[in-house]
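One-letter residues, chain by chain:
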Amino acid sequence: MMSPGSGISLDPWFDNYADRAEGLSASEVRALFAVASRPEVVSLAGGMPFVAALPFDKVRSSVDRVLSEAGATALQYGSGQGLPALRERILEIMALEGIRAGVDEVVVTTGSQQGLDLIAKLFINPGDAILAESPSYVGAMGVFRSYQARVEHVAMDEHGMIPEALVERIESLSAASVPMKFLYLIPNFHNPAGVTLSAQRRLEILDIAKAHNILVVEDNPYGLLWFDTPPPQAIRSVDDSGVIYLGSFSKTFAPGLRVGWVVAPHGIREKLVLASEAAILSPSSFSQMVLSDYFEHHDWKAQIDTFRGVYHERRDAMAQALAATLPTVSHTMPEGGFYLWLTLPEGLDSKEMLPRAITELVAYTPGTAFFANGEGHRHLRLAFCYPNPDFITEGVKRLAKVITEEIELVATFGPSTSPVRLGANLDSPPPEVS
Amino acid sequence: MAAQPSVLVLSGGISHERDISLKSGRKVADGLAAHGLTVTLRDPDAGLIAYLHEEKPDVVWPVLHGASGEDGALRGLLDMLGIAYVGSNADAARLAWNKPAAKALVERVGVATPDSITLTRDAFRELGAESVLATVSESLGVALVVKPAQGGSAQGVSWVESTDDLRKAMVHAFTYADSVVIEKRIVGTEVCVPIIDTGDGPRAIPPVEIEPLSGHYDFEARYTAGATRFYTPARLDAAVVATVTDHALLAFSALGLRHLARIDFMVDSEGTPWFLEASTMPGLTETSSTALALDAAGFDVGGVYAALVESAKASPS
Chain X
1 MMSPGSGISL DPWFDNYADR AEGLSASEVR ALFAVASRPE VVSLAGGMPF
51 VAALPFDKVR SSVDRVLSEA GATALQYGSG QGLPALRERI LEIMALEGIR
101 AGVDEVVVTT GSQQGLDLIA KLFINPGDAI LAESPSYVGA MGVFRSYQAR
151 VEHVAMDEHG MIPEALVERI ESLSAASVPM KFLYLIPNFH NPAGVTLSAQ
201 RRLEILDIAK AHNILVVEDN PYGLLWFDTP PPQAIRSVDD SGVIYLGSFS
251 KTFAPGLRVG WVVAPHGIRE KLVLASEAAI LSPSSFSQMV LSDYFEHHDW
301 KAQIDTFRGV YHERRDAMAQ ALAATLPTVS HTMPEGGFYL WLTLPEGLDS
351 KEMLPRAITE LVAYTPGTAF FANGEGHRHL RLAFCYPNPD FITEGVKRLA
401 KVITEEIELV ATFGPSTSPV RLGANLDSPP PEVS
Chain A
1 MAAQPSVLVL SGGISHERDI SLKSGRKVAD GLAAHGLTVT LRDPDAGLIA
51 YLHEEKPDVV WPVLHGASGE DGALRGLLDM LGIAYVGSNA DAARLAWNKP
101 AAKALVERVG VATPDSITLT RDAFRELGAE SVLATVSESL GVALVVKPAQ
151 GGSAQGVSWV ESTDDLRKAM VHAFTYADSV VIEKRIVGTE VCVPIIDTGD
201 GPRAIPPVEI EPLSGHYDFE ARYTAGATRF YTPARLDAAV VATVTDHALL
251 AFSALGLRHL ARIDFMVDSE GTPWFLEAST MPGLTETSST ALALDAAGFD
301 VGGVYAALVE SAKASPS
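Quick mapping for you: the protein sequence lines, in order, are chains X and A.
Read left to right, the first sequence gives residues 1 to 434 (this note's numbering).
Read left to right, the second sequence gives residues 1 to 317 (this note's numbering).
Because the hints were derived from the structure by calculation, they are not lab data.
It should be emphasised that the depicted structure is a prediction, and the values quoted were computed from it without experimental measurement.
Using N, Cα and C, we set each Cβ at its ideal position, and we do this for glycine too.
Fair warning: there could be bad hints in the mix.
Claimed, not checked - Which bits of chain A does chain X cover? Going by a derived footprint, with three or more residues having C-beta under 8 Å, they are:
id	stretch
1	116-129
2	160-171
3	185-196
4	225-231
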């Protein structure tokens, strides 16, 4: 605290923060999500996987085996690149999506979020442009912003990013001499939009990126969680020199273990390992060994099938509830993953509407969370991954009431757009929110 | 030596201010525990009443902000159960919670409060927004503060400079509550006066002057450490400070408050303190002005909390 004469600051270092800390402040919207953890509230806000579907007895047997057979190793520092045994398992998983790679090409990270952070750290200088879908993953934009990148959104439709829009954006940035460091894509069951990039567009976009010498970062946490048919093969499966691939065990196993991975071209990979060692020394040996043991001793593919079934049923429940209660509201129909993207009637603002939703005991994530440029007011993301179908139905019913009241309010006062605050993840729930 | 009372600190709840309440509750519990009290921290839920019957805490401290915490409902139930609690009784809490009612009561004892009007959604539906807002602007001007009639932490509050701002501010406030106070904006120095009563009469803590760096003491300014500069004592003439303090005590008394409250004022250039609102369970987080004021005035904050518990135990409402 400073002396009373100059006033008291509750953070005496307030003026010392780096520019990149701008926006890391309290948020009225974010504070509302605290209510989502109450049992009365149906939270369609967060993206918590339904880990209760895991066979805990089998997980426990893996934990026990790791501790009894290799406890001293599991609780010790490990390799900065990750344990070779787990990296071998990761190759098996990626093979399901057409990716061929060697064990040494994989870098294990503390969740794929750390992989994103490392990539951003390696490539982004302040002011560099990162190309991303419109909308894009809030956690990625938070990372990009923290390295002072400018996120340039590229329009998408029900088939994912529109190649022509990408070309247009690249050309305009080139004309303005803005360095473009990479193109960030979530091709499968997009978060938040719920759409999947078509096979043809994958190739077109890759060609465009190559033609303009732009690296592609392919973030694929949901690819194995398809409902009826698998998505097209990974972009990395057709190009191993211009694509960095991010994978994760958070959705196919459990986020609590915090294990993800990066597959990157050789030169980038070497730097990723050094950067990761500088940041965290090594990813958790314990988590990696538990995962490795589980994948060795148990039927992990059957477990992924279980998750698919759970999420498929919940997607159906949400779609049916929306059709029954909000027939005039349009939304995407995801073929996998966790999220459905709503477009509200003209004049409505999902961020402005959130307090009313909390009053009605339902939570969602406002669309503004997924744009770096202040857009998204007319959209919201609904997550169907965590609540059971009955809760989803009830939550959508409550949401319908909220939207109806908001329509009435806008009819009274006219449309109102909530103030835009760009910076950190101010409009999104914290990770522990269901 | 008498045994230290057992205290149940309630924090969280399902109001819009849950996040703040959780933080306040933790600070209160820590402060009480540091003074040797047996403290249990709990979120009020469907099992609460059974818990109270079973555990029979000596005192409950509902560190709950927003509806059900400050609207008097929970306190009324505690009265029915015969359980002592820290804070104002149900009726007083209900009055203070309702901003227009509190303004009217405080005005009756000679404390100025900005001109205002309280409007419901139904009024706008029936009379039409355009004509109602035009009338309001003609009467109160366009420099206004719009706030939900109930609620705290500046949630839903807007500072208005134009008719278009006013329309947007109404939408914002109505998402938090069904009635809204439109108040003439007083330009001046914002101060808050914590008042404590540990059994020997209400005592005003020296006012804290609030200077948000953004210009408005909004949610971000309240809960981002460093985003607001506090001055204690406030940079006001001694006579003005005395008036503010007196008026805070008048408001405390007029509203029938007890134990702990925070009274907020805007002091204009003439030195007139304008009552804005009273909080019967002010924020007690690391960035809250009440704890800061107690600390700056030389109080042991945890000691004050313990004394409030003792007072509640000694004289239940």
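Broken hints, by number: 3
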